[in-house]
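Asks: Sequences are here, hints too, so could you generate the full structure?
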Amino acid sequence: MKFKGHHIISMTSFSRDMIDSILETAERMEPIALGKQRSGLLTGKILAVLFFEPSTRTRMSFETAMYRLGGDVLNLGSVDASSIAKGETLADTIRVVDGYADAIVLRHPKEGAAQLAAEFSTIPILNAGDGAGHHPTQTLLDLYTIKRESRLEGLKIALAGDLKYGRTVHSLCYALSLYGAEITLISPRELRMPEEIISDLEKRGAKVTETDTIEDAINEVDVIYMTRIQKERFPDPAEYEKVANRLKITPELLTDARPELRIMHPLPRVNEIDTGVDETQHACYFKQAFYGVPVRMALLALVLGAIEI
Amino acid sequence: MNEEQELRVKRIENGTVIDHINAGQALNVLKILGIPDSSQGVVSVLLNSPGKFGIKDVVKIENRELNVREVDKIALIAPNATINIIRNFNVSQKKKVHIPTFVEGVVRCVNPNCISNSNEPVTSKFDVSVEESLRLRCTYCGRSISEDIAKHLL
Ligand SMILES: [Zn+2]
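If you read the sequences in order, they're chains D and B. Quick note: our numbering has the first sequence finishing at residue 309, numbered continuously throughout. Quick note: our numbering has the second sequence finishing at residue 1154, numbered continuously throughout.
Because the hints were derived from the structure by calculation, they are not lab data. Among the clues, some could well be false.
Cut-off 25 Å, straight-line C-alpha distance, at most; resulting in silico cross-link-like pairs (DMTMM-like, lysine to aspartate or glutamate) [to be verified]:
1) Lys207/D with Glu1131/B
2) Lys147/D with Glu241/D
3) Lys164/D with Glu1147/B
4) Lys231/D with Glu241/D
5) Lys203/D with Glu1132/B
6) Lys156/D with Glu182/D
7) Lys287/D with Glu272/D
8) Lys203/D with Glu1131/B
9) Lys248/D with Glu210/D
10) Lys207/D with Glu149/D
11) Lys231/D with Glu190/D
12) Lys45/D with Asp102/D
13) Lys2/D with Glu30/D
14) Lys1151/B with Glu196/D
15) Lys1095/B with Glu1132/B
16) Lys207/D with Glu232/D
17) Lys242/D with Glu202/D
18) Lys36/D with Glu149/D
19) Lys203/D with Asp1127/B
20) Lys242/D with Asp200/D
21) Lys203/D with Glu1147/B
In this text, all values refer to a predicted model and were calculated from it rather than measured experimentally.
Replies: So, in structure tokens, the structure goes:
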């Protein structure tokens, strides 16, 4: 499998073999990500970080990944202070930065921006989120977390929250369907997973059920993946409060939970997970954030050709 | 076309007859061809004409043949259309439109937040699939168009 020079744009182009190779590589990176082992794998390589909208955690996790492998990071800086504010096209920015770096991480508010960037770039583009579009490194780190903290094979997972607009949840489900997961969808009526996605998942071998309370599923699953519900989705604030309270994990809810249950969340959380849950053995979300580092290390090493698998 | 219908619309000496257009789509076909602006010859339009498979529209254009891009666009809104090239009152060539698997610069993406709708130096690109119905999927943002395709033609 050759990853050298490849763009990482969307999960839809990833086969199960490709995902497995990336996750295995990430596992080898873990001691370096933890600072227990030093590496000069990407010495002399430069990663350009182009964030056209703020996403501090994703940016920091890419930067950490690059530094941990001995590489350097070139930051675009604030968009207001740069030529982009003067109306330069993304295509031009990419063609310029192409000459400065060995790979580009791009975060952009418009959907399809990473695909466009790839058309104008001779160096690998890593999509760190384009509008409501793809965010493949998030999906890969979610899968990695599940692999490390639970199991990918024969997984029973519940996803709760905004399942209608959350595209990262959609691509996570698609990826999990490659592993034959049993998926329980928990959401308010207004924010249900789109029908066509459910039918796609079933066609791809996943078992899907829908319910509207966490209590129904929490003792049955290996993993529960919580997502944030945005207040703006509800015209009536009272309606939001009702929903927000129903889809919340508290220590009380976990009284009868199996010890193996893992709780994930892409963070930041608002109040979907009570802070009382943080100290329980189930809490997995801060580890999940850390796992972004070895996964991004693996991707960088692969697309820059420092590792071949 | 049978004799009686032939009488309704005059036969043309040279030009193109687009037959088997889905009923209701003839005016969109004219729009695709830039008619009347781009055509000097007589253009005849037959609406709701009875055909072998129900009603259909027919468009006849004098002294004009179509280019590939025009045929691609017609295929998207009238997948059953046939293009007949008329020379000297005879059908010199008859072919079915062929639905392309990929179209570029033909349709505008419906997603206002799609990068292809900004001032970037790219044209829109869509993958075309035919299952129960025709579906165009934007290469950039992934959004699909399956209804009223004519409305989104560039
Ligand atoms: Zn689009």
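Asks: Assess, step by step, whether the Cα of Lys1151/B is no farther than 25 Å from the Cα of Glu196/D, and give holds or violated.
Replies: Cα-Cα ~24 Å, so holds.
Asks: Does the structure keep Lys36/D and Glu149/D at a Cα separation of 25 Å or less?
Replies: holds (20 Å)
Asks: Is the straight-line distance between the alpha-carbon of Lys203/D and that of Glu1147/B 25 Å or less?
Replies: holds (24 Å)
Asks: Does the alpha-carbon distance linking Lys45/D and Asp102/D stay inside the 25 Å limit?
Replies: Given that 25 Å is the threshold and the Cα spacing comes to 6 Å, the pair holds.
Asks: Is the hinted pair Lys156/D and Glu182/D satisfied, with a Cα-Cα distance of at most 25 Å?
Replies: Within the cut-off at roughly 5 Å; holds.
Asks: Between the alpha carbons of Lys287/D and Glu272/D, is the straight-line distance 25 Å or under?
Replies: holds (17 Å)
Asks: Can the restraint linking Lys248/D and Glu210/D be considered satisfied, given a maximum Cα separation of 25 Å?
Replies: holds (17 Å)
Asks: Starting from Lys203/D, check that the Cα of Asp1127/B is at most 25 Å away, please.
Replies: holds (21 Å)
Asks: Given the hint that Lys164/D pairs with Glu1147/B, test it: the Cα-Cα distance must not exceed 25 Å.
Replies: holds (21 Å)
Asks: Does the alpha-carbon distance linking Lys147/D and Glu241/D stay inside the 25 Å limit?
Replies: violated (34 Å)
Asks: Take a quick look at whether Lys207/D and Glu149/D sit within 25 Å of each other, Cα to Cα.
Replies: holds (22 Å)
Asks: Is Lys203/D close enough to Glu1132/B, meaning Cα to Cα at most 25 Å?
Replies: holds (16 Å)
Violated hints, listed in ascending order, are 2, 16, 17, 20; each of the other numbered hints is respected by the structure.
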